[in-house]
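All chains, please: the whole structure from these sequences, using the hints.
Same order as they appear, the protein sequences are chains A and L.
Going left to right, the first sequence walks through residues -6 to 626 as our numbering numbers them.
Going left to right, the second sequence walks through residues -6 to 626 as our numbering numbers them.
In short, the hints are calculated from the structure, not lab data.
Values in this document were obtained by computation on a predicted structure and should not be read as measured data.
Among the hints, erroneous ones may be present.
Since the list gives no way to pick out one identical chain from another, each pair is judged satisfied if it fits inside one copy or across any two copies.
Each computed EDC-like pair below joins lysine to aspartate or glutamate, with the alpha-carbon atoms no more than 20 Å apart [stated by the list, open to error]:
hint, residue 1, residue 2
1, Lys258, Asp295
2, Lys99, Glu420
3, Lys299, Glu607
4, Lys299, Asp603
5, Lys134, Glu155
6, Lys299, Glu602
7, Lys299, Glu606
8, Lys252, Asp196
9, Lys299, Asp482
Protein chains: 2
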Amino acid sequence: MLLLKQSSAALLVAGNTSPVLHNSRFTYSSQSFTMSNLHKPLTSSSGKFNPVLACSALSVPCSSHETSPISEDKHVHGVSEIIVGVLGGGQLGRMLCQAASQMAIKVKILDPSENCSASALAYSHMVDSFDDSSTVEEFAKRCDVLTVEIEHVDVETLEKLEKEGVDCQPKASTIRIIQDKYMQKVHFSQHGIPLPEFMEINDFDDAKRAGELFGYPLMIKSKRLAYDGRGNAVAKSQDGLSSAVIALGGTNRGLYVEKWAPFVKELAVIVARGRDGSMVCYPVVETIHRDNICHIVKAPADVPWKINKLATDVAQKAVGSLEGAGVFAVELFLTEDGQILLNEVAPRPHNSGHQTIESCYTSQFEQHLRAVVGLPLGDSSMRTPASIMYNILGEDDGEAGFKLAHRLIARAMCVPGVSVHWYDKPEMRKQRKMGHITLVGRSMGVLEQRLHCITSDQSHKVNETPRVGIIMGSDSDLPVMKDAANILDMFGVAHEVRIVSAHRTPQMMFSYAASAHTRGVQVIIAGAGGAAHLPGMVASLTPLPVIGVPVRATRLDGVDSLLSIVQMPRGVPVATVAINNATNAALLAVRMLGISDPDLVSRMSQYQEDMREENMVKGEKLEREGWELYLNQ
Amino acid sequence: MLLLKQSSAALLVAGNTSPVLHNSRFTYSSQSFTMSNLHKPLTSSSGKFNPVLACSALSVPCSSHETSPISEDKHVHGVSEIIVGVLGGGQLGRMLCQAASQMAIKVKILDPSENCSASALAYSHMVDSFDDSSTVEEFAKRCDVLTVEIEHVDVETLEKLEKEGVDCQPKASTIRIIQDKYMQKVHFSQHGIPLPEFMEINDFDDAKRAGELFGYPLMIKSKRLAYDGRGNAVAKSQDGLSSAVIALGGTNRGLYVEKWAPFVKELAVIVARGRDGSMVCYPVVETIHRDNICHIVKAPADVPWKINKLATDVAQKAVGSLEGAGVFAVELFLTEDGQILLNEVAPRPHNSGHQTIESCYTSQFEQHLRAVVGLPLGDSSMRTPASIMYNILGEDDGEAGFKLAHRLIARAMCVPGVSVHWYDKPEMRKQRKMGHITLVGRSMGVLEQRLHCITSDQSHKVNETPRVGIIMGSDSDLPVMKDAANILDMFGVAHEVRIVSAHRTPQMMFSYAASAHTRGVQVIIAGAGGAAHLPGMVASLTPLPVIGVPVRATRLDGVDSLLSIVQMPRGVPVATVAINNATNAALLAVRMLGISDPDLVSRMSQYQEDMREENMVKGEKLEREGWELYLNQ
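Spelled out as structure tokens, the structure:
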């Protein structure tokens, strides 16, 4: 259960007890991994099966030393000595090299551009086309496993090499399916993956028929070499049809049409598969595109749990229909009626997974290396509650663009929890992906505010957002509730104090409760007297923990408040403290925040220690002076 | 306040309102940074002052575009174009290069070993001695700023170069002080930093006098070229004195003695200083040495808050007495009587800061680069509650050692939250630092258990540790408390169920409550009936949030339990729920865990949504069927 618990993605699937994913996280601690690995042999540089390379990193944890299949005469230095060959040396290749450098795994790249992003960081760079048969063959000879950072490669050669025993991960069959978007659609529909209706168009009449069939707007796409929106055209009506087709180079270029998907959000799931077939899914993210280019990625996506689960299931099923090890990015549409439709799949690390470098236990790049090399897959769950990836796209050509990018970076570096990635591309072009920044923090609301400060040139305005909201039904509760504010000040916990009445300002109460957690508030302390409905009402409107403070009213000594706050029906919990004891409410809030804040735990322990000492002192005084004198002071 | 809040280290100092640290996190958003930077000019490769390089990354966030001092004719591509020269190319240099690659900052290294750790990742590697004057001069010409990853360099040359305008960070004066351990001790004692008594020994009689003065065991150290325990010798008594002195090469080698520090723990604090003098401190860590070599680092250190604060203050004061930008590692002793004594300082990234790569928002390596290049310092606070760094030390020479290291790595890779760093050193030697692994997770207890599984070859035994502890005073409470377990199962939250009575098994109650949070338990749910003392007692013994469930006893309808649980004195909070409502207790626990677990928040929102739907359905049924039929079913 360990990893299932730790991985939100895995948890999702744990629900429907998918055997695949169940196995996925455990095979490593069972003999079966070695077995399953043996009939998917890795090839050594010489192209011959090399059991040491294949098993070294895997068998040891899965068996005692006695049964370890490591041959005594061969040794592996470090993590693995498998040489990974990557077709393509763009920013994805660059970040693969960065992940590899930590484990000292050697990555060779094949890319025609001498100073491509990955060149400076690769173990070696073969400057030549990854689309030329003899070159790819030559390159493959120098690697133990062949993988890609771009799918537009010479797949015929890959298929030929596979037959010769070259180890390609993912498999050439996968690249072939993905390369042709139409073939991809056919493949996934044959495997029962939900996707927008589509049809091939061989001439203009086909296009018109499609328009009549699917209605407008109509999405027209070229089958091949389409990425970042290139190769897509939208016809708003039949009049716009011909111009759209022409824009894509005419029907003989190889086109197909898709029924317009009325999506409310675009989602993406990174799925990783190991050499043994085990799979792990990353948390579902929301991708926001600008001019068809990925602009912002939010992790995790703010969608209902059921959508989360559905998206993960679809993504896993889609990848399950493809062959080979590595990470796959599955792009999805969420429609108004809560459907998940597959948009397309990339058989490699992807822009929608960049934030995993900072926000997950294992980045998509380390995961891809683990997968293709044959190491156990890492934990894909998030280690920070929220993360935003923002692409640094060229805003202008040449120096002007560089200057604008540099200013954005300079602003970003002033903001806490921000990491800057610069791809070191020699040329700056408008809309080109030059780098990205990642923000990680305790809530999406906080990160959105910080990103706004960066993009709007107001980094200096980034300020502390309250972690605790202290609210009360009336200002008459303030003399009691102020104790909570004092305690939080003492522990250095940022907070806000508001008057929010369930009876006098119900709308305000509603909006406060509903928006608190997206604003970054983590705990709500609600004080109320008499028929105290505020804590319970708020608790029913927020997923945050709500602490209720019964405030003693003029009559009934506060018992009425206590009972109306504590006796909540099943399903709506309120953490109730003693009558008028706002001090304990704040201490409780600090303990709750301490769950993920070791600094607060140590402060709380100190507070408890000081309290004990204080009592010891009193006790000694009583013992020293006797009770009479003690009382008469 | 933003960063002060975010940084536990900074928080510590916020208490004593140190102006230095206050400024430290804000200078970047004020014009003053540019100012302060201008009289600490950076030099360009040509050796001449280059305002663009000096200000580019700094001024923009600190001023509107109108007042930006970026000259219109020069542009910076990316983060910074300052070329960083590093003397030394070991694993520290390697990890500096890894941090630099993300920001595409160019790092050149000077190291005599052709295949040193950093060589493959550096922008360029000058294969030559960093202890040779002309070489260092030649190297300096090719860099904009000069820094070190080892302090045993040719400091005379650095001082000469500084006079010629070469930009060294930290300053040569700092290297000179640190190089000579005796001079270092003198320097810090002159600056009022607490440290063990010490004295120079020029002959054997000095040594004897020192023994009489300080007593035995007596620590004898050579002044120079001492690291990883080399250059230290302990004399248990006067008889052992001569052999110890001889072991260190005799008194004319340059020795001094230190009074034995009876420490209970060794602590370390990484302190970073920017070019503008601003400082940030990393959380205090505990370092555990084996044979004088750093073996394990635990972050944060498990010490009382006051010790935490004291250690940070001492570290900050020590670094404050040294010149130049960069990160500094301050090694400290914690004595039995709660004193903090300075052991020594390293003017560079340090083994005690490796875990910052995974556990802090800004790693010590990125921080060092930010500091020496003149970028704003990053957030030094932890982004994971707990972290352990474990050094992979050579256990044997040659292939045997490689095999043992590889087996450790293979086991580590099966464990979630583990990152493996391999330094790619060509030679394996006993006790040599070949790599390290970092474990990050929700509590030190969980990580210690995982590390034990790795080192004892039981990775397959790593299992899920409970996040919630459900305890009750008697098995008669179980029929009520089982509801909590059911809810937690529904949300996939690992938990344990125990019978722990405040009255029948007080010792067990005590040990359970006191150990829960170190075992990884994050929330305790305590159910009790009658005179219900369990929740309050447990709350007084743990820093964790405790949820109290009043269980209805045979008499008084549970009101006695409710009042005895909720009416706690100030200082000891118990989150009380309705009588017998263990369901709400578990839902409250889930909400608390959701503070740092977005997956649980989304599950909770779904639970609330489903609850609403359920009620809607009932309402529609009532409307459809009328109340009579509805009631009569």
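We went through each hint and held it up to the structure:
Taking the closest pair of Cα atoms, Lys258 and Asp295 come within 20 Å of each other only inside a single copy of the chain (10 Å); across copies the shortest separation is 45 Å, beyond that limit. In this homomeric assembly, Lys99 and Glu420 come within 20 Å of each other (Cα to Cα) only across copies, at 18 Å, whereas the closest approach inside a single copy is 27 Å. Taking the closest pair of Cα atoms, Lys299 and Glu607 come within 20 Å of each other only across two copies (16 Å); inside a single copy the shortest separation is 52 Å, beyond that limit. In the homo-oligomer, the alpha carbons of Lys299 and Asp603 lie at most 20 Å apart only across protomers (11 Å), although the nearest pairing inside one protomer, at 47 Å, exceeds that limit.
When the C-alpha separation of Lys134 and Glu155 is checked against a cutoff of 20 Å, the pair qualifies only within one copy, where the shortest distance is 12 Å, while the shortest distance between copies is 51 Å. When the C-alpha separation of Lys299 and Glu602 is checked against a cutoff of 20 Å, the pair qualifies only between copies, where the shortest distance is 11 Å, while the shortest distance within a copy is 45 Å. Taking the shortest alpha-carbon separations for Lys299 and Glu606, only the inter-copy value of 14 Å comes in at or below 20 Å, while the best intra-copy value is 51 Å. For the identical chains of this complex, Lys252 and Asp196 are intra-copy neighbours only, at 17 Å inside a copy versus 92 Å across copies, given an alpha-carbon limit of 20 Å.
For the identical chains of this complex, Lys299 and Asp482 are inter-copy neighbours only, at 18 Å across copies versus 39 Å inside a copy, given an alpha-carbon limit of 20 Å.
Hint compliance for this structure: no hint is broken.
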